[in-house]
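**Student:** In order, the protein sequence lines correspond to chains F and P.
Read in full-length UniProt numbering, the first sequence has 313 at position 313, and its numbers run on one by one without any break.
Read in full-length UniProt numbering, the second sequence has 203 at position 203, and its numbers run on one by one without any break.
Incorrect hints may appear among the rest.
Pairs count within a copy or across copies, as identical chains cannot be separated in the list.
Capping the alpha-carbon separation at 35 Å, the derived lysine-lysine pairs in DSBU-like fashion look like this [stated by the list, open to error]: (1) 3 <-> 253; (2) 434 <-> 40; (3) 374 <-> 40; (4) 3 <-> 341; (5) 3 <-> 412; (6) 49 <-> 3; (7) 416 <-> 49; (8) 434 <-> 172; (9) 412 <-> 341; (10) 172 <-> 416.
Derived from the structure by calculation, the hints contain no laboratory data.
From a predicted model like this one, the values you see are computed outputs, not experimental measurements.
Number of protein chains: 2
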Amino acid sequence: MEKTNIAIVGLGTVGTGVARLLLDHGDRTARHAGRTMWLKKVVDRDLGKHREVDLPEGVLTDSLDDVINDPEIEVVAQLIGGLEPARTIMLSLLEAGKNIVTANKALLAEHGAELFTRARELGRTIAFEASVAGGVPIIANISQCLSANQILSLEGILNGTSNFIVTQMDEKDAPYDDVVRRAQELGYAEANPAMDVDGTDVAQKLAILAHLAFGATVNWAEIPRVGIDGLDPDDLQYSRQLGYRIKLLALAKLADDGLELSVGPTLVRIGTPLAEVRDAFNAIRVIGDAVGPVFYHGLGAGQNPTASAVVADLIDTAVGRTRLTFQTLEYFSIDNPPRVKLRDAATLLGRYYFRLSVANHPGTLAAITAVLSKHSISIASVIQHEPDDGTEHADTVPLVIMTHAAAEGAAKAATKEIEALAAVNGPVVRLRVKD
Amino acid sequence: MEKTNIAIVGLGTVGTGVARLLLDHGDRTARHAGRTMWLKKVVDRDLGKHREVDLPEGVLTDSLDDVINDPEIEVVAQLIGGLEPARTIMLSLLEAGKNIVTANKALLAEHGAELFTRARELGRTIAFEASVAGGVPIIANISQCLSANQILSLEGILNGTSNFIVTQMDEKDAPYDDVVRRAQELGYAEANPAMDVDGTDVAQKLAILAHLAFGATVNWAEIPRVGIDGLDPDDLQYSRQLGYRIKLLALAKLADDGLELSVGPTLVRIGTPLAEVRDAFNAIRVIGDAVGPVFYHGLGAGQNPTASAVVADLIDTAVGRTRLTFQTLEYFSIDNPPRVKLRDAATLLGRYYFRLSVANHPGTLAAITAVLSKHSISIASVIQHEPDDGTEHADTVPLVIMTHAAAEGAAKAATKEIEALAAVNGPVVRLRVKD
């Protein structure tokens, strides 16, 4: 039987999972790849640290050169996070003739064009299924399985940490800080979860998906994004009363005049599939013009689900499928102009949820609704309760307004004017509502 | 740009959809395939019939020889249903050097080994994404995307017609015959829907999936199967009261002593994803040992979703990915012994729902529960209502019993004994309950 020699660079959580799958399930992998998938080297900086996988004699090394200078190693799972030294290492591996499999979405979102161009020049490939949604094979599904379609829209819950936090806040009526602490104890959130909860991670994944699905060349940092780090349990509770749950939603939607992209906490109607995605799960709803809606749901992170995606890519690369896809689709090619431009955010239509703290006296609601009316924003529903005992000034009450479709620019301008009203205390909470 | 010449054999609903996608969206298809996908010939027996697609001059023919004798045609979408002449035509096309794309699950379930062996001998490929679950790309997902996994189980709603009928019966409390008539009017059911509603179609699809996911070589006719054609609205209603919906479920589950396969109306807990699959949608829940649970949901039939799967296969075949997958995986190879045997149905453990019509006098429940107890079947819940006015004899009442896990053999034997009790009228309804 033929043999493909493989190296892993970076023996963290995912690297350990990949090593275990290759070492413990060689028969299965060989059957699915039509050849032996042989783990020849594992590179890790720290040879002394405790490892959760038994590597055969001679496999572990702290020298990248042991991979670079070994012409027998054809494919490398490059599993180092962050931008540097990950970028430099990937370029060195490509120069040395290796095909790459990676899970590093930040690197692709930031340096995709450079890395893919260099790979093409050198006749090498980069596979990146594990970079978005972990075990949910959304990259292959968009690139191959749905290739007969023009994708029309894509809505996703793409960050397991955020979704775990929001689910726990929602189901336990617990404040953000408490839930983050619990998520850290359970291993669902890192010591510094900033990139997960502030929308950065989701924007990077959305930039990659938008490129594959729409041919958009988009700087992830330009995607309008709001995280869940400022989310108030009150908003989860009012949303439930209105029949919605709040999810950190990535949205890409094609219109005649361009592509809409956004990341933010969004009200999703209870009972629809995306609203019922709980805890650390990810999900993506894709609409294609031929296939209609297709919904994917699975574990978006974690050792084994991510390793499952990496090993599938290692097999595809060893079999030669990746090369064909890579040659055909020309991802991140600087020769291909973007096929679609981003829409002006101010003209985007959407429904909105507003929560305000207002003076409990006559004329308040009239003043607020007059502002909305001036900006052609029509009201769909309103919640106003009597003041809570003690927790708020008796003369201040919460007011929740859900609108019909309105332009983002109008909603923004109205928010500013409403905040300036004497009857309104503090900032207005404004959230998107999914159609 | 390179060009791949394509032919369609059979211009029915799906063939028309495929022709439209190729003709109307040539730019897109070329971009996704890296070459022009050129529709050179369409073979249809009846040149005179009304067609819903405008074919360019010279494309339509009633002679298969125009395809067989044209060496420029490399790939053929063979879209004729049934076993013959579909089998003979496919063999002729393979002999003529064509690669095949098909949606014909009955043909693959019945003659897969013969056709795939012949294709391999001739160095040709057969792609069949459209044969299972229409627009849901489950074939590629099991064969490639989840290739790092041992699939542990697979649960699917694989027949859109049946699911439409069951959903309508459930939501409208309507009897089977009325709903079938409505489904026929709406185009969701054929004039003779027997194969869709009696479980045949689902068993054929499950046989294909079981081969891909578990290496099982299984005659579809040997899969225990029950259809929805005998389903009583009463059972849908009692199930709802117990917190379940009834779905026509295909199940494949790996255990130490073999593979369990079954098709039948099954109680699925309300709120779980499979229970919420409505109307003509299909869904599949796959559990892999690395990836965990992955859930897929989409349109399982219809012109465009099925055409989406066929065109994706045409692209994969033109690009060369199909050849690599086909060579590697050796599907339906007679040289590869099956890797798993079917479990003895009598030993399978499962929960059951029983509905009986019983005499409304003392001792009845005692007699029935004594039989269950004798067969070590433990009761989880019971519904017994007062008799309906008029519709039933006042001395007969319905009795519904839901059990804990019990062996299929024991459940069957108990059913027989219960039916023989003097206090029980007519046959007992026995349905599986999903774990």
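**Student:** Can you list which hints this structure breaks, lowest number first?
**Tutor:** 2, 3, 5 and 7
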